[in-house]
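S.K.: Residue strings, one per chain:
There are 4 protein chains.
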Amino acid sequence: MGQLERIGVSLDKNLLLTFDTLISKQGYQSRSEAIRNLIRQQLSQRRLSDPKTKAVAAVFMVYDHHATKLSDRLIDLQHCVPAKRGPSHLLQVISSLHVHLNEHDCLEVVVLRGRVSEINSMAENILSLKGVKLGRINLLATEPA
Amino acid sequence: MGQLERIGVSLDKNLLLTFDTLISKQGYQSRSEAIRNLIRQQLSQRRLSDPKTKAVAAVFMVYDHHATKLSDRLIDLQHCVPAKRGPSHLLQVISSLHVHLNEHDCLEVVVLRGRVSEINSMAENILSLKGVKLGRINLLATEPA
Amino acid sequence: MGQLERIGVSLDKNLLLTFDTLISKQGYQSRSEAIRNLIRQQLSQRRLSDPKTKAVAAVFMVYDHHATKLSDRLIDLQHCVPAKRGPSHLLQVISSLHVHLNEHDCLEVVVLRGRVSEINSMAENILSLKGVKLGRINLLATEPA
Amino acid sequence: MGQLERIGVSLDKNLLLTFDTLISKQGYQSRSEAIRNLIRQQLSQRRLSDPKTKAVAAVFMVYDHHATKLSDRLIDLQHCVPAKRGPSHLLQVISSLHVHLNEHDCLEVVVLRGRVSEINSMAENILSLKGVKLGRINLLATEPA
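Chains as they are written, first to last, in my numbering: chain A, 51 to 195; chain B, 51 to 195; chain C, 51 to 195; chain D, 51 to 195.
Keep in mind that the hints were calculated from the coordinates and are not lab data. It cannot be assumed that every hint is accurate.
Because identical chains cannot be distinguished in the list, a pair is counted as satisfied if it fits within a single copy or across any two copies.
Claimed, not checked - In silico DSS-like links for lysine-lysine, alpha-carbon gap of 30 Å or less: (1) K63 - K104; (2) K63 - K102; (3) K75 - K180; (4) K104 - K75; (5) K102 - K75; (6) K180 - K63.
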């Protein structure tokens, strides 16, 4: 973290009270911390609307592990990225996490890094694999803010 | 607006610079105004996760005005609410706005007021009408904050 | 609506039962209607991720009507669009709807038409006006699908 | 997967063409697979609006690993859950994944299981820890559908 600045914010007493109640329930130790997070979320959200922004993403999916060869194809998809696009390419699968949910279903979280547009298209490829039942993708902008 | 309070917020210089750039682009005249809006949005968002919260909603839909009797059914649906549920009931259609988009399609915005759960179920009824092609619902919590 | 085609979809019996229960509760008269709507929503959602897509939007805001001159500035903002950008420009405010919520607050829905990026920047300008307390923007892609 | 049923869906030729183009780009091997996924997503989404629904979630956050003791507090928070609430309690941290993003920042994904309301409040506690810069929570309903 760089140099700190202190700014003044004026707001309605009732709004402040309600906000204080919420953030203490959420576990924040200071208003500054809570407000910084609101600001960062908004900046991140806004940058993500540009397909060229660099981001990190978690593709989050539930799949049937009996689906023939899904695990193999997932691993292929994850590993073929640098091969297919060359080592200098931005899109990278960084890591993945696997959880057994029940006798049929697994949860897998795949962490990707790249431009928003590339991540989205990679995520669509993952979520369209046969046997994937539910999926979602979460993006966070990582460029300097 | 009630009584104003002034609080201090400390944050990283770079974060502040990026935020200042964003809000000036958005047209805000002061940081306080922008931060108040972030706070209000978050409080509203959070209250909406409780199905019993009182809210106001805009159901926003595109429909084919050639669809037989859709307009009639929309009007029925809007007018039957108090009748069916009694005049004291919370769910109300307040107003609606109609726009011709092209030779086939109209846009209609219906403003509703009620509990989150009631609004959602009314909105689903509207969006499922034959001829409605696209729809979305926007909720804002109106309870004191 | 153009020519109809009929396709076959195979799905798990339990999934179908749950879906049938949901759509009958939502008021759909046929599965085809419900599935068409899911497809249209997804196509619209996807097109909206491109800033150049033509869309229609409803900017939905709650504001304090005591805020000096907010109504005037809202009207200015709505009317200056074609003037500032020339009559051939795509961004247009089509219509707006105003509702009195209580002694302080009004709800206003402004319907805009234009490219996603232009709509978003116009919406930000509206939502940053002094006195606007809460706002949200809803986009629907209108390009042929 | 249980017993399969086959249903017929009628839709506009142009809508079908656009859908086919999209799903082939996404990598789907059949329309049925793509439509099943749309249906499952909608059912999951709808169930999540009930705070009592059982779900699995990934809390996804970026944090500054220099923040004193954040890692310790994260681990505490994850481990104290069953202790504080008793072994029979539904809320469980299942697993977590840690990625180094750069010299300052780490990404952590924490997979939780429980009721929607419990998961949300646990997630808020995690995201409010000092040093957490950005966070997001993803929920998927796991109850039978």
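S.K.: Which constraints among the numbered hints does this structure fail? Numbers only, ascending.
M.R.: none
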